[in-house]
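Residues per chain are reported as follows:
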Amino acid sequence: MLKRCLAAVLGLVLLFMVGCNKSGTGGDGGTAGNTPVDGGTLNLSMFSAPKGVFNPILYEDQYDSNVIGLVFDGLLMNNEKLEWICDLCQNYSVSDDNKTVTFKLKPGLKWHDGQPVTTADVAFTFRAVLHPEYTGVRTGDYSALAGVQKMLDERDDLDTQVKDKKITDAESAKKKMDSWNAWLSGDGKKAINPVDDLTISFTTDEPYAPLLQNLATSIMPEHIFKTTEIGKMADNPATKAPIGTGPYKFVEYKKDQYVKLVRNEDYHLGKPHIPTIIYKIANQEVAIGQLKSGELDFMPINPADVELVKSDKNVRLETRPDFGYQYMGINFDNAFLKDKLVRQAIMYGLDRQAIVDKFLKGYGTVMNSHMPPVIWAYDAASLKPYARDLSKAKDLLAQAGWKDKNADGYLTKDGKVAQFTLKYPSGNKVRENSAPLIQANLKEIGIKVDLQMLEFSTLSTEVFDKRNMDAWLMGWSLSIDPDPGAIFLPDNKWGKVTGWTNARSEQLIKQGTKVLKVSDRKPLYVEWAKILNDELPYIFLYSQNVVDAVRQDKVMGLKPDARGTLWNIWELWIPKDKQG
Amino acid sequence: MATQLNPRRSTRTFLKSTPPPEGQGLWAATWRRLSRNPRAMVGLYVLIIMGLTAVFAPQLSLHPQDHVNMQVVEQAPSAQYWLGTDELGRDVFARLLYGGRISLTVGFVAVSIYLAIGIFLGSLAGYYGGMVDNIIMRITDVIMVLPFLPLALTMAVVLKPSIYNTMIIIGLLSWTGICRLVRGEFLTLRKRDYVEAAIAEGAGDSRIIFRHILPNAMAPIVVSATLGVATAILGEAGLSFLGFGVQQPTPSWGNMLSAAISLKVLVLQPWLWIPPGLMIFIAVLAVNLLGDGLRDAMDPRLKQ
Amino acid sequence: MRRVGAAVAVAPAPFCRTLRRGEAVITYTIRRLVQMLPILLGATMVIFLVIKLAPGDPFSGMINPHIDPHKIEEERHRLCLDCPLPEQYAIWLKELLQGNLGTSIRFKEPVAGIIRDKMGPTLALGVTTEVIVFALGIPIGILSARRQHSWLDNAATLFAFGGLSIPAFFFGLLLLKTFSLGSVQIFPSSGYITPGSSTTGIAHFLDVAHHLVLPALALGVTGIAGLTRYVRSSMLEVLRQDYIRTAQAKGLGERVVVYKHALRNALIPVITIIGLELPGLVGGAIITESIFIWPGMGRLLYTALLERDYPVLMALNLMFAFLTMLGSLLADIGYAVVDPRIRYD
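Note that the protein sequences, when read in sequence, are chains A, B and C.
Read in order, the letters of the first sequence correspond to residues 177 to 756 in the numbering used here.
Read in order, the letters of the second sequence correspond to residues 6 to 309 in the numbering used here.
Read in order, the letters of the third sequence correspond to residues 409 to 753 in the numbering used here.
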């Protein structure tokens with residue numbers, strides 16, 4: 177019986193060996209000229225399966241946004257300096273009172289199904305986000321539009337009444353619809369105002385600088401969604417099989433396997449050269465091998481893994497700073513950490529440069545305040561660098577009254593030991609390694625740190641919902657507009673978690689959104705960043721660079737810059753000999 | 006005492022279930038047989054040596070196990086660092102020795118807990134059958150369907166993370182497999198003639214269970230224990246990811262190995278994964294050799 | 409002398425007796441299935457409680473300044489995540505009884521569909537793996553026992569414990585390096601079908617089978633390791649039973665003794681293990697699935713756990729609960745089949 181089994185297995189194996197020996201890949205590439213040619217398939221990768229919610233206002237998963245980015249366009253996009261320039265629009269203008277932005281759409285734009293793009297689509301997209309039955313989480317981004325904040329306040333009020341059992345859910349829903357209809361026929365008319373098929377204007381209550389960024393979001397086709405109730409938008413087939421205006425059309429998503437896209441022949445910035453994109457879901461470790469064997473053409477790579485590919489002449493590495501940073505958050509209810517001198521001492525005590533040099537292999541920057549280097553509001557020169565200085569750290573702690581009285585290496589004050597628990601989430605290797613480094617560094621200046629690693633959602637609940645922590649490790653992923661209001665205004669869920677308040681900081685944050693010109697905003701943010709640099713509501717750690725690895729023997733026409741490695745995907749091409 | 010335990014006598018003992026030589030006699034005999042089994046003794050000595058190196062880790066290592074030194078990260082083995090250093094510049098050799106403390110304790114204590122529960126309940130269910138069996142097996146079913154991972158998440162917040170809690174949780178939730186195995190064995194063994202003979206002679210239930218049936222049901226128990234040690238040592242690291250396990254900077258073989266899980270380490274830094282992997286391998290192998298030997302030594306039918 | 413009697417009792421029962429036993433087994437099975445319902449109901453309650461008590465909810469992991477905290481509260485209320493637990497359970501149960509497993513909070517589509525999509529690939533991998541495990545594990549175990557301490561036994565032992573001590577991850581990478589990404593490229597490195605292909609019928613089957621080989625091997629190793637040990641150990645135990653020796657003494661050939669008498673008794677733990685593995689057939693394997701990008705239930709369960717996607721978690725755990733109990737029942741029936749002396753009241 178065993179023999180028969182073995183024979184069967186062997187037979188099966190042989191069958192595959194004969195049928196499926198792949199032809200060799202790699203090699204020195206061909207004699208590709210510099211003229212783009214059409215053809216071939218681009219194999220991209222992502223390391224986690226998208227949820228398949230390819231709806232620009234409903235998706236919650238960054239992997240879904242990879243696909244959305246190829247299928248959809250917004251009114252605006254960025255240039256290489258990350259300024260806002262027209263994408264679907266032909267031009268846009270801001271009124272003299274800085275409250276109204278008017279967009280003129282490019283004529284002749286078409287959805288992937290051939291329908292024309294009009295301002296009705298634009299208005300539909302933003303109205304959907306504000307609709308009371310909208311089930312996504314992006315409403316807050318548009319609260320500056322005329323009358324919206326008032327409407328949202330009414331909704332909050334109704335929610336509270338439901339919670340207190342004063343009214344039922346049905347009554348609340350009806351009242352929300354009433355206030356929505358009132359808004360539509362009132363402020364809503366100017367907030368989102370499609371003047372004609374190609375002209376639309378947006379008006380805010382007060383000038384609001386981040387509005388442009390928020391209006392740059394992907395535009396959705398009204399003709400597809402208008403028959404669906406807003407509350408049931410997730411059930412519309414186009415949420416799973418999106419129809420957009422972008423360079424690539426969605427073909428299919430094989431769950432957990434790949435997303436297949438084909439080029440949009442009518443793409444308004446030019447017909448893409450590469451007919452097909454396969455966005456493969458890949459294991460991050462295996463992907464390195466797949467990239468080297470030519471199965472994948474592109475992958476983001478961990479700094480630590482760079483040494484595995486850097487000797488491969490077919491692989492080109494592209495590095496750029498990221499819109500994010502990592503920090504150690506502080507709970508100001510903790511008596512020890514509440515002392516500014518202690519926080520400064522911690523900054524001096526930490527070897528943050530070692531994190532960048534050793535864990536990130538140099539692909540990163542030490543952070544000293546909230547703004548990462550890629551954002552225009554960053555001004556390194558104005559910030560204290562807090563280079564590691566143990567004697568300074570010890571001085572500061574002594575100044576704060578912490579001394580080592582029993583010579584056990586740990587400081588005490590009023591009978592209490594200088595000690596706190598650092599909670600951190602699992603899942604990010606660099607962050608996981610930073611925790612014991614922080615512990616070891618602070619031990620050197622007499623502070624005892626207990627570490628507790630928690631699963632991500634558990635940690636977020638502990639920190640942001642229950643505030644059951646002394647200090648925690650976490651990161652922020654920011655966007656191009658520097659407005660830090662959502663993170664540092666203390667009336668906000670994210671802002672109130674530290675318990676830190678500072679009147680000047682609040683004032684500067686609010687001022688920063690009321691002026692629109694970069695030259696007017698920058699001084700405000702520079703001053704604000706200095707306050708954080710001194711007050712340290714967070715112990716700022718590092719900002720990790722993005723490192724992308726691309727098959728340079730196959731992917732031609734790359735123009736990597738701050739927008740990304742593949743931002744000009746419709747201009748990329750594959751030489752004839754690599755198209756097979 | 007133990008010396009009069011000749012083969013014929015032992016057979017009779019079994020058939021008639023007259024009490025064997027009292028007290029430690031049985032254990033002494035077991036030990037005597039065990040000590041004549043070279044394989045088992047190798048297993049035992051290896052485990053003892055591992056235990057000793059863990060206990061005397063401070064004396065044996067050149068560096069403290071949790072000393073972070075960012076100047077010497079990811080160094081290959083050298084005279085200074087016998088097994089190289091990890092990403093934080095910590096001495097892998099020292100961490101390996103100290104790691105044994107956690108891993109061996111977790112492995113053995115957790116497995117002991119679940120063996121105790123599993124064997125006890127499995128014996129009862131298989132021996133008494135009927136209602137007792139039905140109740141115990143349905144409890145087992147319910148424990149088996151408990152979603153372990155969400156439970157671990159809750160524990161991570163409710164309990165203070167510690168090696169003891171880890172062992173207890175692994176122990177309390179993993180007994181179901183062995184319980185079913187033991188019950189399965191008991192179901193057939195209790196119908197054997199020698200058991201029925203013992204019952205007919207009026208031997209007490211506990212005597213029949215522990216003296217007559219259990220020694221014959223040792224085979225799957227030994228295997229389950231051996232596999233369990235490996236699973237517990239590796240599983241402890243998995244629990245850490247959920248916030249429930251040994252915390253940094255305390256090393257364990259499991260968390261050393263799980264920290265090493267990447268293509269880069271596999272290819273370029275073998276000193277980070279081979280040592281802990283090898284230690285787990287050796288420990289499990291030793292447990293198995295010892296377990297096999299114990300099973301043979303407890304089996305009175307086996308002639309020396 | 410008495411032992412010889414034992415050997416007779418183990419020999420296959422006469423046909424008519426099997427028939428009568430057959431009826432008893434059916435009655436027993438029906439009774440157990442009926443019993444299963446209330447226990448399953450109780451289990452769902454426990455599962456629900458454990459899942460809901462885990463810290464966090466589907467929204468707690470969303471840490472992003474662009475996410476509107478008010479909107480999150482609204483969503484929590486809309487999904488009744490702020491309702492009292494008994495109410496939430498009652499709603500879930502009511503829907504379940506109407507055949508509705510709910511809608512995934514993160515996938516925004518019906519749970520039944522999500523599970524259905526993964527069922528095929530998961531079963532394909534699970535069944536193939538188990539077939540490999542049993543097809544190799546049992547013979548290796550038997551050979552190991554028959555030739556105890558031979559080179560084959562020693563090699564099998566080393567292999568088994570090596571397989572247990574090397575993380576599945578390393579073994580998976582090793583397979584990929586050897587058969588897929590190195591100089592030999594005979595198996596695909598990921599996925600369960602060739603991307604972009606739309607084959608059907610036999611071609612589709614072959615494509616899936618081709619993708620299946622490496623993950624099934626990777627998964628099989630630990631299974632084989634474990635099973636070999638159990639089989640070897642039980643065989644050793646049975647082989648030294650007196651009735652086997654008697655049979656040998658009576659001059660029966662070794663093969664007959666081993667395969668006809670000893671194996672039958674050594675099967676008890678194997679049956680237990682089959683029963684224990686039943687939920688595993690659809691349970692998937694997180695690490696192997698994520699290395700080979702196999703669209704299985706293991707990763708679904710794991711991401712659902714990390715994202716607290718309650719409807720998905722509940723549905724999967726309910727399924728596992730059912731299969732666990734079914735496995736336990738099948739094992740009991742299996743015992744009665746191989747050992748006619750075992751009776752249930």
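These are computed hints drawn from the structure, not numbers from a lab.
Heads up, a few of these hints could be off.
To be verified - Quick partial rundown of chain A residues pointing at chain C, CB under 8 Å, derived from the structure: (1) S361; (2) G362; (3) D363; (4) K456.
What the hints assert, rightly or not - Cut-off 30 Å, straight-line C-alpha distance, at most; resulting in silico cross-link-like pairs (DSSO-like, lysine-lysine): (5) C:K516 to A:K402; (6) A:K342 to C:K479; (7) A:K366 to A:K693; (8) A:K366 to C:K585; (9) C:K658 to A:K431; (10) A:K642 to C:K460; (11) A:K752 to C:K585; (12) A:K698 to A:K257; (13) A:K693 to A:K752; (14) A:K489 to B:K269; (15) A:K447 to A:K431; (16) A:K669 to B:K165; (17) A:K447 to A:K514; (18) A:K605 to B:K269; (19) A:K408 to C:K460; (20) A:K351 to C:K585; (21) B:K165 to A:K514; (22) A:K581 to B:K165.
Backbone N, C-alpha and C fix where the C-beta goes; we use that ideal spot for every residue, glycine too.
Hint compliance check: list the failing hint numbers for this structure, sorted ascending. Failing hints, ascending: 1, 2, 3, 8, 9, 13, 17 and 20.
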